[in-house]
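Kindly produce the complete structure, drawing on both the sequences and the hints.
Those sequence lines, one after another, are chains A, B, C and D. For the record, in the first sequence the residue sitting at position 40 is 40 according to this note's numbering, with numbers rising by one throughout. Residues are numbered in this note's numbering as their position in the second sequence, beginning at 1, plus a constant of 306. Residues are numbered in this note's numbering as their position in the third sequence, beginning at 1, plus a constant of 977. Residues are numbered in this note's numbering as their position in the fourth sequence, beginning at 1, plus a constant of 1451.
Wrong hints could be hidden among the right ones.
[To be verified] These stretches of chain C come out as covered by chain D in the derived footprint (C-beta under 8 Å, 3 or more residues):
id	stretch
1	1147–1158
2	1201–1213
3	1267–1278
Since the hints were derived computationally from the structure, they do not count as laboratory data. If you're wondering where the values come from, they're calculated on a predicted model, not measured in any experiment. Beta carbons are placed, not taken as given, at the ideal position from N, Cα and C, and that holds for glycine.
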Amino acid sequence: MDWWLVSLLSALVLCPLLPGLVNRVKAFFAGRSGPSLFQLYYDLFKLLKKGRVYSLTSCGLVGLSPWFSLVCVVVALLFMPLGMCDSPLRFTGDVILFLYLLLLSRLLMVLGALDAGTSFEGMGSSRKVHFSALSELVLLGAVVFLICLTGRMDLSGLLNSAGVASWGRYGVLLLLTSLGLYIVMLSECCRGPFGDPDTQLELAMIDEAMVLDYSGSDLAAIRYAASLKMWVFGSLFVMVLLPADLLDGFQGWLAYSSSIFATALSIGVIESVMARYRFKKIPQVLLAGFGLTLISLVFLLFFGGR
Amino acid sequence: MSYINITCVCFPRNFIKQRQGVIFAMSIMNIGLIVLVLSGLCSLALTRRDSSSWQIGVFGCIVGCSLCLLGGLWSHAGWSLTRGELQFRHDMLSLLFQLPILVLGLVGGIHSVGYFRDHCEGRQGVYWFFYNLMLACMIWVTLAVRPIEFLLSWELMGLLCAFLVMFNYREKGSGHLAWIYLLACHASGLVLQLMFVFGDTHNSEMLFLIVGLVGFGLKIGFPLLHVWLTEAQPAAPAPALAVMSGSMLNLGFYGLFRHVSMSGNEFFAGTTFTILGLVGMLFGVMFALGQGNLKRLLAYSSMGNMGIVALGVGLGFLGSSSDNIMMAVFGMSGALLHMMNHSCLKGCLFMGTGSIWRAAGELRIDRLGGLLKKMPWTGRFFSCSSISLSGLPPFNGFTGVFLLYMSAFHGMLSGTGVVLLLSVASVLALALAGGLASAMHAKAIGGVFLGESRLPGIDQVRDTCKTMRYALGALSILSFALLLSSPWLVGCFGGVIEHVLCLGGYVEEGGLTVAEVLWQEVFPLLLGIVVFSFLTLVVVAVLMFVCRLLPGRKLIDRKGAWDCGFAKPTSRMQYTGTAFVQPLVDYFSAILRPIRQLVRVEGLFPTRGSCEIRMEDGGIRGFWGPLFRLVGWVSRKVHRLQCGYLHVYLLIMVVSLFCLLFWGFVLEGVL
Amino acid sequence: MVPWLVVLVPTLAGLASYLLRRRRWVLTALLLFTALFHSAATLCLVLRPGVRCEGSTWLGVDDIGVWVLAVTSILFFFVSFHTAMWLPEEERYAREHGEELLPAHVFLPCMELFLGTMSLIVLSRNLALMWLAIEATTLVSAPLILFRRSKASLEAMWKYLLICSVGVGLAMFGTLLVAMSARGTGCDGLGFAELLLCSEGLEPGWFLAAFIFILVGYGTKMGLAPFHTWLPDTLAEAPGVVSALLSGALLNCSFLGIIRFWQIAPQSIRPFCDKLLIALGLLSLLTALFFIVGQVDFKRMLAYASVGHMGFIAILWGLGQHDASFMHMFGYALMIMTLFLVAGNIVFVYRTRSVSRFGGMFDRLPRHSVLWIVALLLLNGAPPSPLLTFVTEYILVRSSSLWLGIAVLILLFGVFAGMMRIGLKMCMGPAGEVDVSTEHARTTERLCGIPVLATILAICGGILFILLMSRGEL
Amino acid sequence: MDGLSEVLLVVLLGLSLLMANSSRVIHCIRLVAFQGILVGLLPLAQWDWSSGFPGFGLLALVIVSVCVKGITLPLLLYRAMRMTNVECEFKPLVGYSASMAVALLVIGFSFAISSGIVPLSDASSFSVPVSISTMLLGLFLVISRRKALIQALGFLAFENGISIFGIGMSLQYSWIIELGVLLVIFALVFMMGFAVCQISREFSHTDIYRLNLLVDWDRNGKGVEKDEEVA
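Here it is as structure tokens:
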């Protein structure tokens, strides 16, 4: 319980490190000394101090959507079994609420982008809804697999009750599923081969294109929410991967956080060794991720002794 | 087997005691019906005097609906009586389906006052006549007992709705739409008649079931039987349309629950409903994605939502067939809850389209935009309902979908074979549908209310009159109330669920009764949902307030959208709704078959290019169109017989005379 | 006595009004008088079975006959009043536009004679006399078709004359064959009563041949497919009132002709007679479907609809649902009359019958177009119609075998689809290419009184039937 | 004395054969008139004179029917022919030699089927095939000839065939009916003659085959858009 609180706080505090970490890794690969690890903190502070400029076309939704979507992500975070301990707020079926809150945050960002009423933001949001509709499929596929594996219906139970024993039996399937989740993470956070976060070319953007017209504290909220979302998806991936009953308490927290940072490192590595996919290819990759979860499900149901 | 032995739902027949309250309730309800009918007739008679006709109409609508509401709620324990030739029966099941009718009827009446204020064309009397009679007829459907009465009310309801679809008869092609609608209504009447006759005479349960599914599916809008719903119904005036697609579609399920007893072949019913639901849900939401007209988009989403309800019912039946009461109860209650939510939200949305139509005179999404500035309240109500209808927390649309997920999860955990397969499939399909629905509603909201306005005369647009806004507001508040009250609301479904799933209070050892499941399993989950949704909203409000204190919250300036340095972004630069969903439409083009008309820009000094994407309804393209064309072709061939030559006619006569003689004397060998 | 009056008074009235052609009001008065008298006498026959003299050798009436007679009488009542209102308008228009019409002193007498001969069909208790009457109807109704002296109407009349004469000639042969089959029994002279008594003695082979000939002969007159070929031409070319009488009254009377022979059929071949009726009925429904779909002329559409309904009635009779078939006859007669009267007025305003030139009639002729839609719906059995969906169709499906019922329902649905498509195309949408002088339309709007009355009556009948059904008395 | 009646029947058969391949209208009219007279006389031929002189009713009937069928109607049609001045039938729908073959076939057919039917009475069973073939040949004329007048004649022959059957089977029913039948047939043919005159006045020809305004079959593919304005 207390370690859950600790890791919740650490998530809220440390999540801006993830982008910095990724950037450092990329800089290392590029042979540059990249921006500081804490760059995002500086940016957030600066943005919070700045005032905002709204576009004339916007109808006030611009001011609302970043904060609302941030809150959605935070509330979604509350259901996660952070630091290997079940969330105190769990209830049966909260996984659905969790996923739909993420969906809502996405929808709000999209609406905010459409509110600005410019072509690039429309483009970004249209791409966003396209990919997210498919990543929703992958996520539910993973959830179905986990439910069939663990027999639990709350997020904590799902991620946190596949212990060493089940690793012994279904390790491969868990790997496949986590791979699918990894793909979803990449596409949702627009990292890696799916989107190029630090491109200057709007035509290649997804999330960044959606936030072109934000400024000041709104932009801060968006940046923060993005990194937090990265944390959330990363911990989804990690929790599936880590055997639940291996560690707990401080070591659990340590393993958890460190593996999330490791995930960030891997993202950095991938971003620096791979080129961005064409947008036509992204749905296929997502479907491949869905295929992974489906395969693991099928194996579980038919050869898993159920 | 048939309608006869299905007794009142929540209690055995002998329980009916004509208590004072019951008698009071009955008479109140009958008075309400009478008021509806009479006011309709009066306003038709006074149609020359416009003001008095609409006053009488709306008065009768409000009074009648509220009386019926009062009577219905007063004794939900149920009653049945015989007034002269007619038999009425009222119970929980009826009440469940009456509530949307009455509430939407009431609000729709208020909305249509504003809707027709300056656009009556001297035909308000006609509108109110059909509107009030339609409401009365729907109520009668929920009260009718004997098959002949049910058929009568059913067909009358369809007819009155058809006349409402005809109401704007001057539009081009309105005749064709009205034709489609009439055909659907009549077909459902015929099939139901067949069903009742089978129930009478030919004792074949499966046939009875299938025919019933077709007949009522024609009202629900199952895939392939949905054409009238998505093509024709949007032609009706918006308030009436709200009532129709908000509460008349439900009546299809009412008929199934009331008159088609599935006992004995739950498994078949479950499989059928689930598959129909899956197909309908995905089909509806995909086609809705591609629609350019707001009304049609919403109509397709109604089809999708009916698919969701059917999915829930199917999961319920699958559960009861595999003795998995958790699955059964979760599915069924989710279906009913989603039905309620959909009625409320869809009513709000369609009335919203009415307001938009009156304010902007345009419903094509790509021609609209930026209306939120012009009509803020309509916009807010519309957007909230829209997001809610795409099944997202923290709105009421989420609760029903959530219960369906839970039911499917239970099916996965303890189901095997087909049940397992279908529940996995329904989880995945629900996920996909959720994603697509959010995209679709983003298109609707963004295209209509957000961004730069594409409307030529946007400056003249004003928000609509108060009554219409009040109607929308009332429905939005009601949907929020539905969210808050959902745990307790679901608790009331017990009797209905028992009746529909033919559980009849039967419990195996150590098992739970339906009521126990509802109160011990469903209630806490919904409570959790409600709490968290509420929490989210509160946190957002608090955050919005707190952030006002930040220095970064102060608004420095409003400038044109930056948009990577476009000097002056015009409305023609922003993404249209069509462009917004184009990747998805292309992705599903195997199903949607979009028809693309592209005018490329060419030459050194290109003139304007354009790209238009339309899509024809899948049912028409795939099935009905070819069928009707075939009949037309055959009949054109057959027309040659009436060739105008007297000699041919006489020859036909003589030849057929000899054929008959041959038949009689040689083939039959009567001699 | 009363039966004789029922036949004689219209005939004499016809002759008288031909002789007194000088004064126009006399013609109208005689027409209305005939209608009133006929309905009064029919009422008397309905209410007082004493005066029916069923057993008589020449004229008399039984329950079936009374029903058909009542339908005919009601029909003529409405039609005569409508004629009294419509004919002057038509003649005025013709005078203004220099058209040539059949003079009223030929038209009205022919109508009265038509009524007389139809009553004779119903009342005759002798098969040969009935044959005479049916042939006579052909004679007296032929000039009515010629009302507008157009080429088309002339052609229609010629076809009507020849086809019906040949058909009825075959029926004559059938009647002779009945006499042949009756030889053994010793009752000659084709009196219906004694044939009914000695029906078991009839020689089945001869009688079957007789029945087939009768079916073809009177079926031609009744409009059963494939002998219906005269019907669309005639009903389309004749003026509305005449079409109403032909389709509403004459077809039923000819069906009664067939029924008479069915009644005296020996039990051994009745099943086959029923089978014949059902087969021809299905064929008629099929014909109606395929000719109504893609029809371009709305009066022809109505004609085919009546073919379909005749088939439906035949099927009902073949299934042994005799009451139902008569109920259907009643509702059908009322509705088809309404439709033909309305169609006549529409043609009177628009001067064309081709659907493709219509559109937006709700604006031009609001009452008529509402009436048109409602009557089409009622004819196709939308509630609360005395017809198909609620009463007779329900009974049919209930009493028929599964697949027959389904087939009939599908056919009826197709007919409904075709008719409603045409009706809605005419009434809705933007205005068609025909332009109508508004005052002409306004004057015509006044002529919708009788159709409205008929529709109300039909609806009342429908509600009555539905009540009877829900009581379980049908 | 059946001999006489059988002679008459043979003659009637020959008459209808001739009618089948006579091209000139006047010729047809003569044949029909002759046929009518013979049919009218047939009852007398069948009367066995041994039993005494036939009754008044029968004689009256014979006289009337001979007058109507043999004299009045042919005269009427003759007048119609003069008014419409049609002399003969150009290229009928079925050629004359073909008509001859058809006629022979029809006669064979009718003999075949009537051999199947048991002769019920002492009356000459020979009249059954004759009547059937007369009827069928009459119908054949109606179906296969273009001119309205010849169709009317064919109808008359058809009626004659029916009455041959009635008389041959000696199905007597009350003379009122008989007279009525005669009257109706008279009126019918009268009406037909009148119609023929009308047709020739309106259309300036009496070719029924060209009389096809009223159709549902759109020959030219694009809807039946005749739209002859009513009146």
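Legend entry - Violating hint indices (sorted, rising): Result: no hint breaks.
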